[in-house]
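Top to bottom, those sequences are chains A and B.
The first sequence begins at 1 in full-length UniProt numbering and counts up one residue at a time.
The second sequence begins at 1 in full-length UniProt numbering and counts up one residue at a time.
FYI, nobody ran anything at the bench for these hints, they're computed from the structure.
For clarity, every value in this text was computed on a predicted model and none was experimentally measured.
Keep in mind that the hints are not guaranteed to be accurate.
Derived coverage of chain A by chain B (criterion: at least 3 residues anywhere in the stretch with Cβ under 8 Å from a Cβ of chain B; other residues may be distant) [unchecked claim]:
no.: 1; segment: 59-66
no.: 2; segment: 259-265
no.: 3; segment: 277-284
Under 10 Å between C-beta atoms, here's a sample of chain B residues computed to sit facing chain A [claimed, not checked]:
no.: 4; residue: G14
no.: 5; residue: F40
no.: 6; residue: F83
no.: 7; residue: I96
no.: 8; residue: I97
no.: 9; residue: L120
no.: 10; residue: P136
no.: 11; residue: T212
no.: 12; residue: S238
Note that the Cβ used here is the ideal one computed from N, Cα and C, for glycine as well.
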Amino acid sequence: MKSILAVLTVVAAIVVLWYAACVPMNIKGVLVEAERAGAEVQPPSAKDRRDMSEFGLTINNNFAIPATWEQARPRLPAPHQVAVELWNTTVGKKITSKRSLIYHGWVTLSATLLGFAIGTGLGILLAVGIVHSKVMDMSVMPWAIVSQTIPIIALAPMIIVVLYSVGVQGIIPKAVISAYLSFFPVVVGMVKGLRSPDHMQLDLLRTYNASKSQGFWKLRLPASMPYLFASLKIGIAASLVGAIVGELPTGAVAGLGARLLAGSYYGQTVQIWSALFAAAILAACLVALLGLIERMVLKRMGIAS
Amino acid sequence: MMLVVLALLVWIAGWWINTRLAEGPQAGTRAVQLLVPVIFGVTILIVWELVVRGLQVPLVILPPPSMIAERFGSSMPILWADFSQTFLKGALSGYIIGCGAAFLMAIAVDRYEFLRLGLLPVGNFVAALPIVGTAPILVMWFGFDWQSKAAVVVVMVFFPVLVNTVAGLRETTAMQRDLMETYAASYWQSFFKLRLPAAMPFIFNGLKISTTLALIGAIVAEFFGSPTVGMGFRISTSVGQLALDMVWAEIVVAALAGSLFYGCVAMIEKTVTFWHPSQRG
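Excised from the complex, chain B in its bound form (with noise of 0.2 Å):
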C-alpha cells in the first residue's frame, strides 16, 4: 500500500513541477518545451512500476518497467533477429518499391488528364479501405518469408503516396508554368525545375504516413503465417505463453522503429524542402 501511495506522490510532484515550469518565465525555451514532455513520460513510468508493485499485478497482466527494460536488455540478439526480418527484410524493402512505383505510376497520371480523372478517385477509394485484409491472400501467393510481408507494404503504402504525388504535381500556379512555357522549357525540364520541387512537401506529406502504414503491415502480415522469427511472430506468440514482459520489450522495438524511421523521413524531407514556409519558422 505504501508503494501506491508513493505514486500518488510522485504523480502529484509530476504535475507540480510541470505546472511550475509550463506556466513560469521560461515556458517559451527550447530547453523547458523538451523538458516538459520528458518529466511527464518518467513520471508515467515511476507511477507504473510502483502501482504494479504496490498492488502485486500478476505478470501475466501487466509486468513493471523495469522487468521489460531487463528483457529487452537481456534478449538483444533474439530482438535484433525480430527486427532484421521484420523491418530491415518486410518493411523496409516493401517501403522502397511501393513508394517508387507510386511515385512513377503518379508521374503517369499526372501526363495524361484521362488517367487522373480516373484512376484518382479509385486511389482515394483504396486509401480508406482495409488494406491489411489482403495479407492472407499475399501470404499465400508469395509464402511465409519476408517476401509477402514486402508485397503487403507495397499494397498499403502505394495508394496514399500515388495521391499524395499527384496533388502535389498540380501544385504550381498558371503563372508560374507560363513562365516555364516562356523559357521554351521542355516537359521534363519543367517537371525537374518547376514542378518536382514543388510536389516535394506533398511528396513527403505521403512518405510520412507511409512509414507507420509500412510497419503496421509487416507486423499484421505475420500473423497470418511467418517463419519462426519476426516481430509479429514473436508478438503472437509469446502473447500465447503469457511471456508478456517479451511482448512489450517486442513494442518497445516496434515503437523506436517507427518512430526513428519517421524521424529519419522527416529529416530528408527537412534538407530537401528547406525553402519551404513550414520549414523555415
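Excised from the complex, chain A in its bound form (with noise of 0.2 Å):
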C-alpha cells in the first residue's frame, strides 16, 4: 500500500516537473506568436528577447503561461497534449489509416518478434552446441561474451542495404537486426543455465545410468528455464530497440522508428513524443507478458518461490 502511494507520489511529481519545465523551454515561441496577435511583450522586440533567460522573460510576461502548454509545435509538448495525440492515433483512427500508431506499432512488433523468434531459437541452439562440446565452448564463448561489448548497432543500417542490394526488403533486414541484438544475451544466459545443475544432480543422474540426452531433457533443460527467462526478458527489449534503429537509416515509411525519424524532419514534436510513449508502452507490455508467462512455466514446474 505504502509503496503504491511512493509511486504515484514520485510519478505526480514527475509529471509537475515536466509542465514546469515546459514553460521556459516554450516560452520564446509563444512570445513569438503573442506579440504577432498583438499583444503587449516586455521586452518587445525580438532581438532583445533572444539573449534574455527563459525565466526572465516568463516573469515579464506570466500572463503568456497558459498559452506555453497549448501550442502547435512546442519544444517541449505538455504531458496532456502527448496523451491526447496518443489518443487520437490509436483509439481515434482506423487501425488501417497511415496515421495510426497501432499500425505503425504493429509494423514495428511484427519485425521485433519474428527476429526475437529467430535470435533466441539461434541462441539456445548455439548454448546447447556451447554445452555438449568442449571445442565449440573454448572457442565460441569468448567472443559471444566479447560482444556484448561491442556497439553492434553499428552493423544496423549496412545490414539493411546490403540485404536491399541482394534483393530483400520489408520486414526481414528489420528482422536480422532484432535477431542478432537478442541473439548474444540468449546464448550468454543459456549456457550459464545448462551449467547451473550442480555434481551432485549430475551425479545422481549418472547413477541412474541416464544417457548424455535424458541428462538433457530432464535435468539441464529444466534447470536453465530461470536463467532463460532472465534473458529473454533483456533480449525482447533489444529486439525491440534493434527494429525501431533498423527503420531509421533507409527512410522507412512506415514503423515506429519511420515516426520519430518524420516527427524530426518535419518539427513535430508532439508526433515525436507520442511515438516515444507508444514504444515505451509496447516495450513494457513485451515485458510484462514474458514475466507473467514465466510465472506460469515456473509454477508448473515448482520452481517459483
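Join the two chains into one complex using the hints; note that each chain is given alone, in its own frame.
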C-alpha cells in the first residue's frame, strides 16, 4: 500500500516537473506568437528577447504561461498534449490508416517478434552446442562475451542496405537486426542456465545410468528455465530497439522508428513524443508478457518461490 | 573455385587444431585457453577472405578483410577525428555526467525510504524502455554537435547505474550495520567505511553495462543529425555511397573502442574490489 502511494507520488512529481519545464522551454515561441497576435510583450523587440534568459521572460510575461501548454509545435509538449495525440492516433483512427499508431506499432512489433524468435532459437541452439562440445565452448564463448561489449547496432544501416541490394526488403532486414541483438544475451544466459545443475544432481543422474540426452531433457533444460527467462526479457527489449533503429537509416515509411524520424524532420514534436511513448508502452507490455509466462511456467515446474 | 575449396580446408584444419588443443592434456592452461579463440577468430577471417575472393562477391555486399584493413590503415586521420568526436566528446563526457548524477541520486534514494519505494519501480521500468528513442528530441534541443550526443548518453546510462547502485547500497547485513552502530559511527562514517565498499561490485556491474550503452547512444544519436564528422555520421553516409570498406573500418573502430572501454572499467573494478570472491580466484 505504502509503495503504491510512493510510486504515485513520484509519478505525480514527474508530471508536475514536466508541466513546469514546459514554461521556460516554450516561452520564446509563445511570445513570438503573442506579439504577432498584438499582445503587449516585455521587452518588445525579438532581438532583445533572444539574449534574455527564459526565466526572466517568464516573470515579465506571466500572462503567456497557459499558452506554453497549448502550442502546436512546442519544444517540449505538455503531458496532456502527448496523451491527446496518443489517444487520437490509436483509438481515434482506423487501424488501417497511415496515421494510426497501432498500424505503425504493428509494423515494428511484427519485425521485433520475428527477429526475437529467430535470435532466441539460434541462441538456444548455440548454447546447447557450447555446453556439449568443449571445442565450441573454448572457441566461441569468448567471442560471444566480447561481442556484448561491442556496439553491434552500428551494423544496422549496413545490413539494411546490403540486404536491399541483394533484393531482400520489407520485414526481413529489420528482423535480422532484431535477431542479432537478442542473440548474444540469450546465448550467454542459456549457457549459464544449462551449466547450473551442480555435481550432486549430475552424479545422481549418472547413478541412474541416464544417457546424455536424458540428462539434457530431464535435468539441464528444466534447470536452465529461470536463466532463460531472465535473458529473454533483456533480449526482447533489445529486439525492439533493433527494430526501431533498423527503420532509421533507410527512411522507412512505416513503423515507430519512421514516425520518430519523420517527426524530427518536420519538427512535429508532439508526434515524436507520442511515438516514443507508444514504443515505451509496447516494450513494457512485451516484458510484462514474458514475466507472466515466466511465472506460469516456473509455477507449473514448481520452481517459483 | 580453388579458393573456396582452400577455405573449406582451412576451416577443417583450424577446427582440427582446436579440437586437439581443447581435448589435449594442456587444455586447462592459460595459454591454450587464449590460443583456441584466437585460432578460431583467425580461421574465420581467412575463410571470409578466401570465400569473398573465390566467389567474387561484389564489394557492395561484403568486402574482404584485407581491404578493410587497408582502408583502416589509409584513413587513420578520418577515423581518429570520428573517434574523438563520437567517443571522447560525446560518449565519454555523457558517461561521466550520467554515472555521476545517477550515483548522487542513488545516495539520496538510499537515504529516504519513501523515495526508494517510489523511484525504484519507476527506474526499473524506464531501464527496460527503448531510450534510444529520445535521441531525436535531444538532438532538437541541444543542437547537432556533441552536446546532444552526450545528453542521449546521460539519459541512457542513468537508470542502469541508479538501479544497481541502490541495490548495492542495501547489500550489507544487519549484523554489519549493528557493528557500526556499536562503534557509534555517524551516517557518513558507516557509509564510506562499510556500505560504499560493499556496494562496489554492484556499482561496477552498472558501470560495465553502461559502457556499451554509452557507445550505442552516441552512435545512434548521430543518425538523427550531426556535424560532418563522427562515427554514426560516417557509417550512415558511407552506406549511402556504398563504400562498405569504410563502414567496416568504422565498425572495427567501434568494436575496439567498446572492448577497450569495457576493459578499462573492468580493470578499475579489479583494483577496487580486490576483496570480492569473484576477483580472488
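Q) Has the segment 59-66 of chain A got at least three residues whose CB is nearer than 8 Å to a CB belonging to chain B? A) violated (count 0)
**Q.** chain A contact restraint on L120(B) - CB to CB distance below 10 Å
**A.** Check passed: Cβ of L120(B) comes within 9 Å of chain A, closer than 10 Å.
Next item on the list: Mind checking the CB of F83(B) against every CB in chain A and telling me if the closest is under 10 Å?
Entry: violated (13 Å)
Q. Holds or violated: is the Cβ of G14(B) closer than 10 Å to a Cβ in chain A?
A. Holds - the Cβ of G14(B) comes within 10 Å of chain A, reaching about 9 Å at its closest.
- Message: Verify this for me: three or more residues of the segment 259-265 of chain A with a beta carbon less than 8 Å from a beta carbon of chain B.
- Response: Our answer is that it holds, as 4 residues pass the Cβ test (under 8 Å) against chain B, meeting three.
query: Can the hint on F40(B) be confirmed by a CB-to-CB distance to chain A that is less than 10 Å?
result: holds (4 Å)
| Going by Cβ atoms only, is P136(B) closer than 10 Å to chain A? | holds (4 Å)
How does the coverage statement for the segment 277-284 of chain A fare against chain B, requiring three or more residues with Cβ below 8 Å from a Cβ of that chain? Contact hint for the segment 277-284 of chain A vs chain B: holds, 4 residues under 8 Å.
Chain A contact restraint on T212(B) - CB to CB distance below 10 Å:
Status holds, d = 6 Å.
So, as I understand it, the hint says I97(B) touches chain A; can you test that by seeing if any CB pair is closer than 10 Å? Violated. Min distance 19 Å.
TODO: Let me know if the C-beta of S238(B) comes in closer than 10 Å to any C-beta of chain A, holds or violated.
DONE: Cβ of S238(B) sits 9 Å from chain A, so the hint holds.
Quiz item: Any CB of chain A closer than 10 Å to the CB of I96(B)?
Solution: Cβ of I96(B) sits 18 Å from chain A, so the hint is violated.
Hint compliance for this structure: hints 1, 6, 7, 8 are broken, all remaining hints hold.
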